[in-house]
Amino acid sequence: MDLENQQRIKDLADKHGAENLVVILGGAEAEASGLACETVTNGDPTFAGPLAGVPLGLACYHVVEPEIKAEIDDQVYDDQISMMEMVLDVDAIIEEVKTYREKYSEYK
Amino acid sequence: MLEGKKIAILGDRDGIPGPAIEECIETTGADEVVFTTTECFV
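The listed protein sequences correspond, in order, to chains A and B.
FYI, the UniProt record's numbering numbers position 15 of the first sequence as 15, with every residue one higher than the one before it.
FYI, the UniProt record's numbering numbers position 26 of the second sequence as 26, with every residue one higher than the one before it.
Every clue listed holds true.
Straight-line C-alpha distance at most 25 Å; calculated BS3-like pairs for lysine-lysine: (1) B:K6 <-> A:K108; (2) B:K6 <-> A:K98; (3) A:K69 <-> A:K108; (4) A:K15 <-> B:K6; (5) A:K69 <-> B:K6; (6) A:K103 <-> B:K6; (7) A:K103 <-> A:K10; (8) A:K69 <-> A:K98.
It should be emphasised that the hints constitute simulated quantities derived from the structure, not laboratory data.
Build out the structure end to end from the sequences listed, making use of the hints.
Structure, rendered in structure tokens:
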């Protein structure tokens with residue numbers, strides 16, 4: 001996750017309260033999505049950015065996860081996401097993001 | 001679950017871009033989208 005975005009997330013968690021902030025991912029790959037989820041929950045695993053050693057514990061989901069999909073208007077989801085959903089390895093993405101969320105998120 | 005929450009969106013140019021996710025989140029009970037970006041890993 002790029003360093004500038006790490007700083008933005010850190011600032012937003014400070015401003016709004018970690019319990020009020022939810023991060024929604026749109027990553028194309030399971031590994032990168034999992035890494036982003038790990039970064040906003042347990043801190044930057046590469047120890048390169050502003051979130052190194054900062055476990056924010058944020059709620060973090062990928063947009064294709066059932067919990068999020070269920071809250072989105074069906075027609076809008078179809079228009080905006082469905083096409084990409086067909087080419088992504090959705091099961092792997094869900095599994096990876098869920099693993100980190102369940103391990104490190106304080107506000108699921 | 002998103003009811004009343006502030007949302008930060010980390011989209012992906014090769015996956016789901018930030019603005020597409022934002023359109024979706026605007027149809028939920030979330031309070032406000034406070035940040036949207038589209039990362040590029042190339």
